[in-house]
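Peer 1: Protein sequences appear in the order of chains G and F.
For the first sequence, the positions run 706 to 859 when the working numbering is used.
For the second sequence, the positions run 706 to 859 when the working numbering is used.
It should be emphasised that the hints constitute simulated quantities derived from the structure, not laboratory data.
Certain hints may be false.
In silico DSS-like links for lysine-lysine, alpha-carbon gap of 25 angstroms or less [stated by the list, open to error]:
(1) K795/F to K729/G
(2) K795/F to K816/G
(3) K729/G to K855/F
(4) K768/G to K855/G
(5) K729/G to K808/G
(6) K795/G to K729/F
(7) K729/F to K758/G
(8) K729/F to K855/G
One side only, chain F facing chain G, incomplete, derived with CB under 10 angstroms [to be verified]:
(9) K729
(10) S739
(11) A747
(12) V765
(13) L776
Where a beta carbon is used, it is the ideal one built from N, C-alpha and C, also for glycine.
In case you want the letters, here they are:
2 protein chains.
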Amino acid sequence: MNRIALVVVVLAATSATLAMAQQKPEDEIRYRQSVMNVIGRAMGPMGAMAQGKAPFNAAVAQKNSALVESLMGLPWNSFGPGTDKGAPTKASPKIWQETAKFKEAAENTQKAVANLAAAARTGDEGKFKAAFAEVPKSCNGGCHDDFRLKEARN
Amino acid sequence: MNRIALVVVVLAATSATLAMAQQKPEDEIRYRQSVMNVIGRAMGPMGAMAQGKAPFNAAVAQKNSALVESLMGLPWNSFGPGTDKGAPTKASPKIWQETAKFKEAAENTQKAVANLAAAARTGDEGKFKAAFAEVPKSCNGGCHDDFRLKEARN
């Protein structure tokens, strides 16, 4: 690595650390929980349509999936060092122990919801349902099962 | 009102009531707080740019203002009847007493953030800053000052 590249990396790392340091752990915990809460609510009407409990509505699918796609990029920076405690949280300590696996799970989830939003934009019910069926595999199977506790801890 | 119109209105009202009844007051309180929390975080980088504390970045302005615009439509249905208590909340009882004024404040805020997102899409720093300067007038002056308490109540 040449000197300029090294300076760039150090500056980027410092900047990231400073950005994180601006937020208290409890604020980071509250923020990531808030994002997940809003995502969860937006998933509701899509789940109902995917399961045939509500008639397919292309506009509802598009609006909610676009929102989920926007939100799904947000919580990950709030799982930084030192944010494993500070307020009641279901975040498993594994998040900070198996960071590479957690990062991969987060990326897979972002891909799944990006695919869902793309499918919803086509307005095609079948494509929407097929893409929606993939989401729990990354959200629950790929992430919550491994990295979310059943009960909140302090 | 003819009979068909009446049926449509009654069905719409029933459907809205059912939708509200599905959520417990504490869930509604948590949801609207979550939305506001995510909005607040997205306002941060925009505020820094508007105040000259960070250099203007058109992509950051566009991304954050689009997110805020999407989110600002979400919390209002969660201020329904019976959601004035159930969990700690800064929501003033006035929200349920002066519903027309609250609705107007909510609409003004939505307009202000829609204007902000439109200004950000132009990529023009001056337009962004001018639109951003209008946001606190509706968020704080038009809504928080009147309808948000300083301390959370149960």
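Peer 1: Is the straight-line distance between the alpha-carbon of K795/F and that of K729/G 25 angstroms or less?
Peer 2: Within the cut-off at roughly 21 angstroms; holds.
Peer 1: Given K729/F was flagged as interface, is its beta-carbon under 10 angstroms from a beta-carbon of chain G?
Peer 2: 13 angstroms, violated
Peer 1: When you check the alpha-carbon spacing of K729/F and K855/G, does it fall within 25 angstroms?
Peer 2: 21 angstroms, holds
Peer 1: Straight-line Cα separation of K729/G and K808/G no greater than 25 angstroms?
Peer 2: Judged against 25 angstroms, a Cα distance of about 22 angstroms means the pair holds.
Peer 1: Between K795/G and K729/F, does the CA-CA distance stay at or below 25 angstroms?
Peer 2: 21 angstroms, holds
Peer 1: Please verify that hint: S739/F, Cβ, nearest Cβ of chain G, below 10 angstroms or not.
Peer 2: This interface hint holds because 4 angstroms falls under the 10 angstroms limit.
Peer 1: Using 10 angstroms as the Cβ threshold, decide whether A747/F counts as touching chain G.
Peer 2: 8 angstroms, holds
Peer 1: How about L776/F: closest beta carbon in chain G under 10 angstroms, or not?
Peer 2: 7 angstroms, holds
Peer 1: Given the hinted pair K768/G and K855/G, is their alpha-carbon gap at most 25 angstroms?
Peer 2: Roughly 30 angstroms between the alpha carbons, so the hint for K768/G and K855/G is violated.
Peer 1: Taking 10 angstroms as the limit, does the beta-carbon of V765/F come near enough to a beta-carbon in chain G?
Peer 2: Cβ of V765/F sits 13 angstroms from chain G, so the hint is violated.
Peer 1: Quickly compare the C-alpha distance for K729/F and K758/G to 25 angstroms and report which way the hint goes.
Peer 2: 21 angstroms, holds
Peer 1: For the pair supplied as a hint, K795/F and K816/G, confirm whether the alpha-carbon distance does not exceed 25 angstroms.
Peer 2: 37 angstroms, violated
In summary, the numbered hints that this structure violates are 2, 4, 9, 12.
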